Amino acid sequence: EDKVVQSPLSLVVHEGDTVTLNCSYEVTNFRSLLWYKQEKKAPTFLFMLTSSGIEKKSGRLSSILDKKELFSILNITATQTGDSAVYLCAAFLQGAQKLVFGQGTRLTINP
Amino acid sequence: GAVVSQHPSWVICKSGTSVKIECRSLDFQATTMFWYRQFPKQSLMLMATSNEGSKATYEQGVEKDKFLINHASLTLSTLTVTSAHPEDSSFYICSAMDGNQPQHFGDGTRLSIL
Chain A
480 EDKVVQSPLS LVVHEGDTVT LNCSYEVTNF RSLLWYKQEK KAPTFLFMLT SSGIEKKSGR
540 LSSILDKKEL FSILNITATQ TGDSAVYLCA AFLQGAQKLV FGQGTRLTIN P
Chain B
8 GAVVSQHPSW VICKSGTSVK IECRSLDFQA TTMFWYRQFP KQSLMLMATS NEGSKATYEQ
68 GVEKDKFLIN HASLTLSTLT VTSAHPEDSS FYICSAMDGN QPQHFGDGTR LSIL
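Protein sequence lines, in the order shown, are assigned to chains A and B. Mapping of the first sequence onto our numbering: residues 480 to 590, in sequence order. Mapping of the second sequence onto our numbering: residues 8 to 121, in sequence order.
Among the hints, erroneous ones may be present.
[As the list claims (entries may be wrong)] Pair ranges (Cβ atoms, derived):
1. A:Arg585 <-> B:Ser96: 17 to 23 Å
2. A:Ile533 <-> B:Lys73: 27 to 33 Å
3. B:His92 <-> A:Lys546: 41 to 47 Å
4. A:Thr499 <-> B:Thr24: 25 to 31 Å
5. B:Cys20 <-> A:Ala557: 42 to 48 Å
6. B:Gly106 <-> A:Glu480: 16 to 22 Å
7. B:Glu66 <-> A:Ser541: 31 to 37 Å
8. A:Pro487 <-> B:Ser12: 31 to 37 Å
9. A:Gly538 <-> B:Gly106: 24 to 30 Å
10. A:Lys546 <-> B:Ser96: 36 to 42 Å
11. A:Val491 <-> B:Glu59: 19 to 25 Å
12. A:Val491 <-> B:Thr24: 37 to 43 Å
13. A:Gln573 <-> B:Cys20: 37 to 43 Å
14. B:Glu66 <-> A:Lys519: 23 to 29 Å
In case anyone wonders, no lab produced these hints; they're calculated from the structure. What you are looking at is a predicted structure, and each value in this text was computed from that prediction instead of being measured. Glycine is no exception: its CB is placed at the ideal position from the N, C-alpha and C atoms.
So here's chain A without its partners, still in its complex pose (with noise of 0.2 Å):
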């Protein structure tokens, strides 16, 4: 069956604080991992990866990608109350052409 587990489910730092979120996936005909924040309503993609190492930055935000221990990391460093949502993550199956999420890590940002 395939599977992303994302960890932790749960974070709550302080502004300026850097936040490391973990996407582990074991999934079939594996063809990219994409990342999206989510807040009140549908999410908003970030970041897809299809190479292992190379990282992907977007102002505070970067993400990276390791094929062979099949996982992803998604940083934000200088964390504000803004990035306060929920970050999922998804492996995009080739053939399928489905996205399978994991369950989300809701991340808070307290002032």
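Once you've looked at the hints, dock chain B against the given chain A.
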């Protein structure tokens, strides 16, 4: 960037009625659209994959006669929840994909069945 529009954003209706939710890709042609369901504080669960001009592929445990999906054009897919009951109350989200690009999500529809 790619935009997906979902309508309505919120609907409340009586038990037994049918509800139609629309999902449109506004600036690209979506070869494939997906319908998800999300319960409070849980992740997205894929219900079905919809390809333009062909029958939808439903995930295990999803009743295809209950959740009717139509993907009549490259920019529009609809999900109809037939004879809705309170247990169908949920947040329904569509997404659309164009070729190899990542899925882009609509804003979701909050469905409440009384």
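Here's how the hints hold up against the structure:
no.	hint	verdict
1	A:Arg585 <-> B:Ser96: 17 to 23 Å	holds, 22 Å
2	A:Ile533 <-> B:Lys73: 27 to 33 Å	violated, 43 Å
3	B:His92 <-> A:Lys546: 41 to 47 Å	holds, 43 Å
4	A:Thr499 <-> B:Thr24: 25 to 31 Å	violated, 46 Å
5	B:Cys20 <-> A:Ala557: 42 to 48 Å	holds, 45 Å
6	B:Gly106 <-> A:Glu480: 16 to 22 Å	violated, 28 Å
7	B:Glu66 <-> A:Ser541: 31 to 37 Å	holds, 32 Å
8	A:Pro487 <-> B:Ser12: 31 to 37 Å	holds, 34 Å
9	A:Gly538 <-> B:Gly106: 24 to 30 Å	holds, 27 Å
10	A:Lys546 <-> B:Ser96: 36 to 42 Å	holds, 39 Å
11	A:Val491 <-> B:Glu59: 19 to 25 Å	violated, 44 Å
12	A:Val491 <-> B:Thr24: 37 to 43 Å	holds, 41 Å
13	A:Gln573 <-> B:Cys20: 37 to 43 Å	holds, 39 Å
14	B:Glu66 <-> A:Lys519: 23 to 29 Å	holds, 25 Å
Hint compliance for this structure: hints 2, 4, 6 and 11 are broken, all remaining hints hold.
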